[in-house]
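Trainee: Taken in order, these protein sequences are the chains called A and B.
Here this note's numbering is used: the first residue of the first sequence is 1, the next is one more, and so on.
Here this note's numbering is used: the first residue of the second sequence is 1, the next is one more, and so on.
Simulated from the structure, these hints should not be mistaken for laboratory data.
If you're wondering where the values come from, they're calculated on a predicted model, not measured in any experiment.
C-beta: ideal position from N, C-alpha, C; glycine also.
Treat each hint with caution, since some may be false.
[As the list claims (entries may be wrong)] A few chain B positions that, by computed beta-carbon distances, are all more than 10 Å from chain A:
id, residue
1, 48
2, 84
3, 110
4, 114
5, 140
6, 157
7, 158
8, 168
9, 186
10, 222
11, 248
12, 401
13, 424
[Stated by the list, open to error] The following residues of chain A were derived to be distant from chain B, with all beta-carbon distances above 10 Å:
id, residue
14, 62
15, 127
16, 166
[What the hints assert, rightly or not] Taking beta-carbon pairs under 8 Å as the criterion, some of the chain B residues facing chain A (in silico):
id, residue
17, 86
18, 90
19, 91
20, 108
21, 252
22, 255
23, 256
24, 298
25, 301
26, 391
27, 394
28, 402
29, 407
30, 411
Chain residues, written in single-letter form:
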Amino acid sequence: MTTTAIPTETQRVPATAPKRRPKREREGAAWVFLSPWVLGAIVLTLLPMAVSLYLSFTDYDLFNPPKWVGLRNYVQMFTEDPRYWRSVVTTVTYVVIAVPLQLALALVVALALKGMKRGKAFYRSAFYAPSLLGASMSIALVWRAVFNDGGTVDNLLGTGGWVNKPGWSLLAVALLTVWQFGAPMVIFLAGLQQIPAELYEAAAVDGAGKWRQFLSVTVPMLSPVLFFNLVLQTIQAFQVFTPAFAVSAGKGGPADSTLVYTMYLYDRGFVASHMGYASAMAWVLLLVIGVVTAVLFRTSRSWVFYASEGDR
Amino acid sequence: MPGHRTKGFCASAAALALCAVLAGCGGSGESAGGGKVVLRYTWWGNPDRAERTEQAVALFEKQHPDVDVTTSFSGYDAYKQKLATQAAGGDAPDVMQLDYRQIDQYASGGVLLDLAKQKAVLRTSEIDQGLLATGRVDDVQYAIPQGRGTETVAYDVGTWKKSGVPLPGKSWTWSQWADTMRALAKKTGKPGATDPGQSEDAFEVWLRGQGKALYTEDGGLGFTADDLTRWWTFTDKLRREGAVSPAEQTTQLDGSVENTPLGRGTSVTDANWDAPASGFLALVKGGVALAPMPSGEDGTPGQYFKPSMFLGVSANTGHPKEAAQLVDFLINDRQAAKILGASRGIPVNETVRDELGPQLKDFDKTIADFQASLEGKLKDPPQAPPAGDNALQSTFQRDYDQVSYGRMSPREAAENYITEAKAELRS
């Protein structure tokens, strides 16, 4: 915008034109408008985090004032608590099962929807719906009923109910998450539509079949989106709680088979009243997620392709 | 003590944050309509108890038009967790039902109001003094016992009779009980009982039958890994024989009668407390009757009369007087007692009990008769369990899961439990 276009305007009403307020005053207004979010961040996020960090060095039973115990919670966690390690193994197993399955399913459905001529909107909503519903407790409870002994799956397949078999229950929990592939699917779909059609045309001219096109055009072009989904879903998977809670009726059972990390954290905090220990667990989880994310970013350099890098 | 307050605040902020992060607990703020005093009253139980409680509360509201009581209830496990969270956040309900296992922790944590200060509206003169004392911690009356209960073997009369196995008599030992369960399983094709291995309560009865106890007087463990190994070996064997419920069913227990094998129609009997056993009536077509818990091999009884549950008032309530009035009503009012019957155990108010006794009907009468049949035969109840016991109840069940799914031997699981229990009781 050039300034020469409006000199007459400013000259015509110089007296009434508001003088620019001093910088500090403008900042004040900004703070007023920001305050709900700033307050929210402080009161609902930063303060509780600080308190939780403090509590992680204490013995706190919810009823009596916290007692400072230094690093005892952390030491106990790593050296004296077999159930802690069981929960770690369970969570990692869960992440390794659920995330790839979910992303693969999301990608397959996104590819199918992309090529669809009619009814796209309907199918897109239909596949997205479980993600909206799935987070709710009620669906998780329905899931439990379906996989319980005497439930639908039991009747159809004669499996005797997955949620009551230690070897199968974690799979039932993972399936509940995999089924909610709507969010990554929509992101994949958006990514797929960004890929220029010329690339496919050029590939086709070069004699590439559908599969070759997928490997040589779709995958590299989609890799930033794939990476984004992978990071997001991995972080979420580490924090899985609702499906495990509902499927095991809040106990992480049978025989601790669905005792994922956050379930054990919940158990320590709210069932056994060891809030200090639970806080310590929460901080370790935060650190681990940070490390895993960092590692993912590191490895991404070798397989994620950004279009802009081609110019370099 | 300002130090306490800030810590308390920080603690509740942390609990709140944890809460929000974890499960998205619902908020609990509610507003009083039309300037009425609003009391929150929460309890655990089954639909049968819910119906009677609602009726009694409606009567209370009629008598006190300026008070509005909102009630909520859930199964025992869920209730226990929710109440602990609320109490930690300084948001305990005005009037709450408490278990024997909770009294010590809640009282020492400053959650409960000293009820002696509400003497003007809350009468305790007609309650047996020994029973009343069970609600005291350090000589302060933090809670009022609401009823007297004892454990029982509830059974499906129809199925049992059809099986041809002789009905249970006035007493049996654990080995006689086990033989009967084997016979029932053989004749009916389904397990005789819920696997008692998961139940700390059943284990206590078994222990007491041998003259031992769950806890020593100074709050330590009253038994050894050997004792627990013997118990779990005993139940594990019964499970393998099919005499008691399989692991898949046992693991679904959550303190509600609906999720017990007997409630689901997959076993013939279930060991439970007598008052909640009324919940089986709606679930078991063949009718429900009560038999005593098995005794030690020399006939030493293990079961005991326990204050079935308590009523306490929150130390933070804005309406201590009205809350105490509600407690008084639930415990001493004749009409309330008539409505509530024996749904929370036999009434503690002696006048009410004497008056109500002959009028009890149906299952209430079954419970009263059952208790009468045990009168004078049982040993004294143990003292209230130490604070750590609250968490150990679930630990017990969970450790036994490892046994019933064949992932640990009874010995390994027992040693695990002892380690966890010692850590829990020390802290």
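Trainee: All the hints need checking, so say for each whether the structure fits it.
Mentor: Each hint, compared with the structure:
Consistency note on residue 48/B: stated as away from chain A, and its beta-carbon is indeed over 10 Å from all of that chain's, at 22 Å minimum. Chain A draws residue 84/B into its interface by the beta-carbon criterion, the shortest separation being 6 Å against a cut-off of 10 Å. The non-interface label for residue 110/B is inconsistent with chain A: the shortest C-beta to C-beta separation is roughly 7 Å, within 10 Å. Under the 10 Å C-beta cut-off, the non-interface status given to residue 114/B relative to chain A holds; the minimum distance is some 16 Å.
Residue 140/B, annotated as away from the interface, keeps every beta carbon of chain A farther than 10 Å; the closest lies near 15 Å. Distance check for residue 157/B against chain A: the nearest CB is about 24 Å away, which clears 10 Å, and the non-interface claim stands. With a least CB separation of 21 Å from chain A, residue 158/B remains clear of the 10 Å interface cut-off, as annotated. Chain A leaves residue 168/B outside its interface by the beta-carbon criterion, the shortest separation being 29 Å against a cut-off of 10 Å.
Under the 10 Å C-beta cut-off, the non-interface status given to residue 186/B relative to chain A holds; the minimum distance is some 22 Å. For residue 222/B, the requirement that its beta carbon stay farther than 10 Å from each beta carbon of chain A is met, with the minimum near 21 Å. For residue 248/B, the non-interface assignment is contradicted: its Cβ lies about 4 Å from the closest Cβ of chain A, within the 10 Å cut-off. Here residue 401/B does not stay apart from chain A, with its beta-carbon only about 4 Å from theirs, under the 10 Å limit.
Residue placement check: residue 424/B does not keep its beta carbon more than 10 Å from all beta carbons of chain A (closest about 7 Å). Once the 10 Å rule is applied to beta carbons, residue 62/A is inconsistent with being away from chain B; the minimum gap is 4 Å. Residue placement check: residue 127/A keeps its beta carbon more than 10 Å from all beta carbons of chain B (closest about 25 Å). For residue 166/A, the non-interface assignment is contradicted: its Cβ lies about 5 Å from the closest Cβ of chain B, within the 10 Å cut-off.
For residue 86/B, the suggested interface contact is broken, since its CB lies about 10 Å from the closest CB of chain A, more than 8 Å. Here the hint on residue 90/B is broken, as its CB sits about 11 Å from the closest CB of chain A, past 8 Å. Interface restraint check for residue 91/B: the shortest CB-CB distance to chain A comes to about 12 Å, outside 8 Å, so the restraint is violated. Of the supplied interface hints, the one on residue 108/B holds, with its beta-carbon coming within about 7 Å of a beta-carbon of chain A, less than 8 Å.
This hint holds: residue 252/B has a C-beta 7 Å from the nearest C-beta of chain A, less than the 8 Å allowed. Below 8 Å, beta-carbon pairs count as interface contacts, and residue 255/B has none with chain A, the closest being about 10 Å; its hint is therefore violated. Given the 8 Å rule on beta carbons, the hint for residue 256/B is violated: about 10 Å separates it from the nearest Cβ of chain A. For the restraint placing residue 298/B at the interface with chain A, the shortest Cβ-Cβ distance is roughly 35 Å, beyond the 8 Å limit, so the hint is violated.
For residue 301/B, the suggested interface contact is broken, since its CB lies about 32 Å from the closest CB of chain A, more than 8 Å. At about 4 Å, the closest approach between the beta carbon of residue 391/B and any beta carbon in chain A falls short of 8 Å, and the interface hint on this residue holds. For residue 394/B, the interface hint holds, the least distance from its beta-carbon to any beta-carbon of chain A being 6 Å, beneath 8 Å. With 8 Å as the threshold, the beta carbon of residue 402/B comes within range of chain A, its nearest partner Cβ sitting at about 5 Å, so the hint holds.
Look at residue 407/B: its Cβ gets to within about 5 Å of chain A, closer than 8 Å, so that hint holds up. Using the Cβ-Cβ criterion of 8 Å, the hint placing residue 411/B at the interface with chain A is not satisfied: the shortest such distance is roughly 16 Å.
Figure legend: structure checked against the earlier numbered hints; hints not met, in rising order: 2, 3, 11, 12, 13, 14, 16, 17, 18, 19, 22, 23, 24, 25 and 30.
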